[in-house]
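2 protein chains.
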Amino acid sequence: MSDAQPVTLQDIQDAAAQIKGVAHRTPVLRSRTLDELVGAQVFVKCENLQRIGAFKFRGAYNAVSRLSAEQLARGVAAYSSGNHAQAVALAARELGTTAVILMPEDTPRSKLEATAGYGAEIVTYDRYTGNRTAMGEALAAERGLALVPPYEHPHVIAGQGTAALELLEEVGELDTLVVPVGGGGLIAGSAVAAKGLQPGIRVIGVEPEEGDDTKRSLEAGRRVSIPVPRTIADGQAADIPGELTFSVNRRLVDGIALVSDDQIRDAMRFAFERLKTVVEPSGATALAALLSHRTALDPAPRRIGIVLSGGNISAQRFAELLGD
Amino acid sequence: MSDAQPVTLQDIQDAAAQIKGVAHRTPVLRSRTLDELVGAQVFVKCENLQRIGAFKFRGAYNAVSRLSAEQLARGVAAYSSGNHAQAVALAARELGTTAVILMPEDTPRSKLEATAGYGAEIVTYDRYTGNRTAMGEALAAERGLALVPPYEHPHVIAGQGTAALELLEEVGELDTLVVPVGGGGLIAGSAVAAKGLQPGIRVIGVEPEEGDDTKRSLEAGRRVSIPVPRTIADGQAADIPGELTFSVNRRLVDGIALVSDDQIRDAMRFAFERLKTVVEPSGATALAALLSHRTALDPAPRRIGIVLSGGNISAQRFAELLGD
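So the sequence lines, in the order shown, correspond to chains A and B. Take the first sequence: its position 221, counted from the start at 1, is 1463 in this note's numbering, and no numbers get skipped. Take the second sequence: its position 8, counted from the start at 1, is 1250 in this note's numbering, and no numbers get skipped.
Any given hint might turn out to be false.
Which copy is meant is left open, because identical chains are indistinguishable; a pair holds if it fits in one copy or across any two.
[Stated by the list, open to error] Below are the DMTMM-like pairs computed for lysine to aspartate or glutamate, each with C-alpha atoms no more than 25 Å apart in a straight line: (1) 1353 x 1277; (2) 1353 x 1415; (3) 1262 x 1454; (4) 1262 x 1394; (5) 1262 x 1412.
The hints are simulated quantities; they were obtained by calculation from the structure and are not laboratory data. Small disclaimer: the values here were computed from a predicted structure and weren't measured.
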């Protein structure tokens, strides 16, 4: 049956070999305080310490590295205002090719600069009048560039799955794995890796309360669209699951927990004050779910893995969110 | 000659054995961005990830663990409003004894609670009318407790030196080691360890501009007292070097760099945004020196070690310091 699956454990193992020595093998953090609060052993996979500050580099590098020499000679493109932009820019640089990134013209300057800093060409557009998908495709076609999607691609999903693969290889058996859900690429890859290695593991996704498109879709058994969510977790502001990611997640994900913006803030504060580590709002949602409703995730957990998926937030923005 | 020294490399190696499995062997962080900015390979020893969030646990545990069974049955005492309070409280708990900590009554509630959370009894005093040294000594005498000083003790200095010992064992030869200076215990232990293992290494201390008592003292060749400094680096607000620590530092420290509060803020921001790690003001001064005047530290550095000495700062306080 696994031949029919878009992404297999073998694909993730291949991706792990592909990114080895380029992506970081991120540390797994332990905290006595967290264990005591949760009443379980918690293993925290620190993708906020990944290159470009988020798991996105894994998928982007895996995808770009599979392109033909001919395609690499022409270059790649992506549209993103977030971590995927930096991930594709850095992957392109590492692989000796060029990247063009389409970004909204009101993207924070720090993100524009970070992306340009990796050598990418930035093309901006007006997010209120432009259709980024159409513009991205037109740009790629015009210049002969390969478009690297943020989650709707087997190589991207396989790359994202390497974080869970590393975690399970390092810590062994887990009862439950808790992972943030945006477009669904990270959890799809994580679920394939986790259930491939440990068939009995429960895989729980976490969405912001307002951005519960995957939860609704899993309940409906089909992709459900919601209004564009308002949440501080900007990396999870998806309004509909990806087609490819949903085809994986509907089969492998055991449930979705929802967290409020206040619960996300509390998790960011906990990470800062107790774990001494920086997580952006989207990166903190698995921790928020664990701290806010642990028993709903798993009534009798003994060993839980979570992913801190990103840490790209300015000190200024952090101060605005948590200042009082 | 080393018989005449209050702390030797062997003392630090003994301390390392004593704290093994109780204190964390903290990670050494690398950053391509930092290396590029500084123009050298930088090895960052993360004592902000030590137990209680600062290097202080090393010295406190080493000192308390050397007490007699009889003394441990009676208990220990310390006076501190900062990380030493939590360090002694946790060391006492780990060693099955009790701690009484004398703290100013206006100590932030979070620090009082953290110290009490490790099982210590807190005794508060009015910092404007009380003399903490006299009160601490009276309290210890009255109750038969062993007073654990924050830096003026060979076991404390030896314990603090284990951070540098671990760093050098892990990364090998360094040209320069840069360490924050408050009372002088961390740098004294670090200098003994570093010069014991690598006689050619340069050891540079860092003080806040207003709190340059050790710099002045080294220049004068004797302990010089300054007005109590006003600085955001509250862990380095010493007004005179310790007698014991200065006797070590005058012999082994090659120089002192000074950093302003703004340079400390910039370093905290850099640690937050680029290293994704949380450092308190005093914990960030070695990084601040490196980022602000690297060439003054070492004109041709190739491999530099620095210590991030602590990460105990609330999200609220961080926001106040860096919010705008």
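Quick rundown of the hints versus the structure:
| no. | hint | verdict |
| --- | --- | --- |
| 1 | 1353 x 1277 | between (35 Å within a copy, 21 Å between copies) |
| 2 | 1353 x 1415 | neither (38 Å within a copy, 37 Å between copies) |
| 3 | 1262 x 1454 | neither (34 Å within a copy, 47 Å between copies) |
| 4 | 1262 x 1394 | within (23 Å within a copy, 48 Å between copies) |
| 5 | 1262 x 1412 | both (15 Å within a copy, 22 Å between copies) |
Comparing the model with each numbered hint stated earlier shows that hints 2 and 3 do not hold.
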